[in-house]
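Undergrad: The primary structure of each chain is shown beneath.
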Amino acid sequence: DVKVTQSSRYLVKRTGEKVFLECVQDMDHENMFWYRQDPGLGLRLIYFSYDVKMKEKGDIPEGYSVSREKKERFSLILESASTNQTSMYLCASRKQGDGYTFGSGTRLTVV
Amino acid sequence: SQKIEQNSEALNIQEGKTATLTCNYTNYSPAYLQWYRQDPGRGPVFLLLIRENEKEKRKERLKVTFDTTLKQSLFHITASQPADSATYLCAPYNQGGKLIFGQGTELSVKP
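Protein chains in written order, with my numbering: chain A, 1 to 111; chain V, 1 to 111.
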């Protein structure tokens, strides 16, 4: 089974901190994604990547950046964390044309 | 703008009955559509993918239909069990290379 592993389950950070959320997948998938999920707003796409060193903006990229230096790893960076970035962050990967495999999520609280 | 509508009200059914969940979309023509299950505090889990040229897809007790004229997908769980209780997400694929998720319908199966 494909595994998508997110480095932290729960994270508490201070406003203004630079935050790194790490995601690793173990099945050589080309595509990787970062979503955030908020009550009443559903899953919203932040950034995605079709291959190493490639990145595309999703629907809500403001305040975020990403890095994909290796195929198996896709990092989400909050340049200067703000309280409105408190959310559940979900990473996913997929093989072209297949369903997505999601990680368990990171619940980030910015205080 | 592209919009996905799933029943916002929770669906409560008795064990053994068939659960039917609805997904309507507007302003685009997805090449395929996916359904996911999400349990509280966890990432979504891929269930089924149906393509635009397929009317129906089955997997064990699950059945999905896709009507591109009505712009609607129906998701059925037959012989439902309490373990089927979860939130079910519909996700049509748009031509920008992105999966867009509905907000989900919460299903509760009572013994």
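Some hints could be false.
Stated by the list, open to error - Straight-line C-alpha distance at most 27 Å; calculated DSS-like pairs for lysine-lysine:
(1) V:K17 to A:K95
(2) V:K3 to A:K57
(3) A:K53 to V:K98
(4) V:K55 to A:K3
(5) A:K71 to V:K55
(6) V:K3 to A:K55
(7) A:K95 to V:K110
(8) A:K95 to V:K63
(9) A:K53 to V:K57
(10) A:K3 to V:K57
(11) A:K95 to A:K13
(12) V:K98 to A:K55
(13) V:K63 to A:K3
(14) A:K70 to V:K98
Honestly, the hints are just simulated from the structure, not real lab data.
Undergrad: Hints first: check each against the structure and report whether it holds.
TA: Structure-based check of each hint:
Distance hint between K17 (chain V) and K95 (chain A) is unfulfilled; the C-alpha atoms sit about 35 Å from each other, more than 27 Å. Only pairs whose Cα atoms come within 27 Å are accepted, and K3 (chain V) paired with K57 (chain A) is accepted, the gap being roughly 19 Å. Restraint check for K53 (chain A) and K98 (chain V): satisfied, since their Cα atoms lie roughly 18 Å apart, inside the 27 Å limit. Proximity of K55 (chain V) to K3 (chain A) is assessed by CA-CA distance (about 31 Å); at most 27 Å being required, the pair is judged violated.
Pair hint K71 (chain A) plus K55 (chain V) does not hold up; C-alpha atoms about 35 Å apart against a cutoff of 27 Å. Between K3 (chain V) and K55 (chain A) the CA atoms are separated by roughly 25 Å; this keeps the pair inside 27 Å, and the hint holds. Between K95 (chain A) and K110 (chain V), the direct Cα distance comes to roughly 36 Å. Violation of the 27 Å bound is thereby established for this hinted pair. Restraint check for K95 (chain A) and K63 (chain V): satisfied, since their Cα atoms lie roughly 23 Å apart, inside the 27 Å limit.
Taking the CA atoms of K53 (chain A) and K57 (chain V), the gap is about 36 Å. The hint is violated against a cut of 27 Å. Straight-line distance between C-alpha atoms of K3 (chain A) and K57 (chain V) comes to about 25 Å, which keeps the hinted pair within the 27 Å bound. Simply put, K95 (chain A) and K13 (chain A) have alpha-carbon atoms about 33 Å apart, too far for the 27 Å limit, and the pair is violated. The straight-line distance between the Cα atoms of K98 (chain V) and K55 (chain A) is roughly 13 Å, inside the 27 Å bound, and the hint therefore holds.
Restraint check: the Cα-Cα separation between K63 (chain V) and K3 (chain A) comes to about 26 Å, which is no more than 27 Å; the hinted pair holds. Restraint check for K70 (chain A) and K98 (chain V): the C-alpha separation of about 21 Å stays at or below 27 Å, so the hint holds.
The structure fails to meet hints 1, 4, 5, 7, 9, 11 from the earlier list, while all remaining hints are met.
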